[in-house]
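So the protein sequences, as listed, match chains L and F.
Take 1 as the starting number for the first sequence in the numbering used here and just add one per residue.
Take 1001 as the starting number for the second sequence in the numbering used here and just add one per residue.
Hints are supplied without guarantee of correctness; some may be wrong.
Some chain L residues judged to face chain F by a derived CB distance under 8 Å, without partners named [what the hints assert, rightly or not]:
{"#": "1", "residue": "ALA13"}
{"#": "2", "residue": "TYR21"}
{"#": "3", "residue": "MET50"}
{"#": "4", "residue": "ALA67"}
{"#": "5", "residue": "GLN75"}
FYI, nobody ran anything at the bench for these hints, they're computed from the structure.
From the three backbone atoms N, C-alpha and C, an ideal C-beta is built for every residue, glycine too.
As a plain string of letters, each chain reads:
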Amino acid sequence: MEILGLYNYWVFAILLMIGFYAVIAKRNLVKKLIGLLLFQAAVFLLYITMGKVDGGTAPIFSDGGNAIFSNPLPQVLILTAIVVGISTTALGLGIVVRLKEEYGSIEEHEIQEIDEQ
Amino acid sequence: MIVIFGIFLLTLLVITAIAIVRTDNLFVAVMLMGIASLLIAGNFFLLDAADVALTEAAVGAGISTVLFLSALALTSERERSKSSNKILSFTVVATAALVLIYATFDKPRFGDPQAPSQMHVAPWYLEKTPEYIDIPNVVTAVLGSFRGYDTLGEVFVVFTAGIGVLFLLGSGAPLGSLPPEKINEGLRHHLIPRVVGRVLIPFILLFGLYVQFHGEYGPGGGFQAGAIIAAAIILFALLEGEQRAMAVLPTRLLLGLMAFGPLLYVAVGVAGIVLGGNFLDYSVLSSDSVKGQQLGILLIEAGVGITVTGVLLSIFHAFAARGR
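My request is simple: use the sequences and hints to build the entire structure.
Rendered as structure tokens:
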């Protein structure tokens, strides 16, 4: 059980790096954005994991008396980050669509080749 | 048992992520991304973050997928080129992953109540929320009141991103100026989606309103409600054709909503100053400071919900209009 206590953090590290791999190795711009989304999801997981308290419940008071609550602060942070994340992703997709219209391609190296000509 | 279930979900998540990166079909990647979002939302729920799980499910699995699909419709569905410098990238990534995993051995164990992150300010918020604000959901209390200033910033980021997309893509041709052959009929002529949609959409909208106004008492609030209501109207647009959705909520109205949300938020803040308090200090809004706090949170949550709905729908219409 002791060793499983770090499993969430390992998944965070692996997911973060899977996302980062897509960002640096893939040449397709949509794929890079998907990589960024995975990267972002990994960070969300890290924060929410740190807020969990053993035997706790969601930080919402109920009539049940003095329950143990998980930490509400990382939740507030990530809740807003998710919505900001989708807005910025949409902005990224908007740029990709405009690039496709101007260059006829969404592959990074092809756009660079056209630019060099 | 819950720990085992969490590990199962996370393992599935890693497998899905690997599949997302490996496939060269972007359509498949986007669909798998929706599944990944749902898995991570389930996991947030297990980690006691009900509000976050609700947001992730609505935004990640719902709206994000639709936006990516509309972007794919305008670009291409296939990745044409191979990865660059595969071996070098893999080495960098694997090394970084190993370093990160090595670093985790110094972290407190999962769920440890003695962890540093549980020791400092967090107990203060849990202790003082009933006294100062007296609403059950501490997440909403922190979001709306204690850290209202940060949330105002986030609302402006969402607003700015929406403006940015409209600058890039335009807000679409006005209704009525389109030739009839360009009118998108959606899935109107398909019986099953139409009937299922008609049954579901009113309840999704109702649920969105419930999440908006019940955010002080249960999981919910403006961000989640905005995403859910936008998802319901996007579903309507997909089923009945975009024009009908725009007849219900015209582009101009959406632009108005986009701007009205942040203005409402700021107005509540300024009202605090006018009534003799600080910016975003809701205590002075009513003769009873606790009542004032609750009123302030209700108003700014409405502002947040209006902004998020307006921005997400405007972005959707901007992408959809680009295809014509």
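For each hint, the structure was consulted:
1. ALA13: Cβ of ALA13(L) sits 4 Å from chain F, so the hint holds.
2. TYR21: 5 Å, holds
3. MET50: Hint holds; MET50(L) Cβ to chain F Cβ min 5 Å, cut 8 Å.
4. ALA67: 10 Å, violated
5. GLN75: At about 5 Å, which falls below the 8 Å cut-off, the nearest Cβ of chain F leaves the hint on GLN75(L) intact, so it holds.
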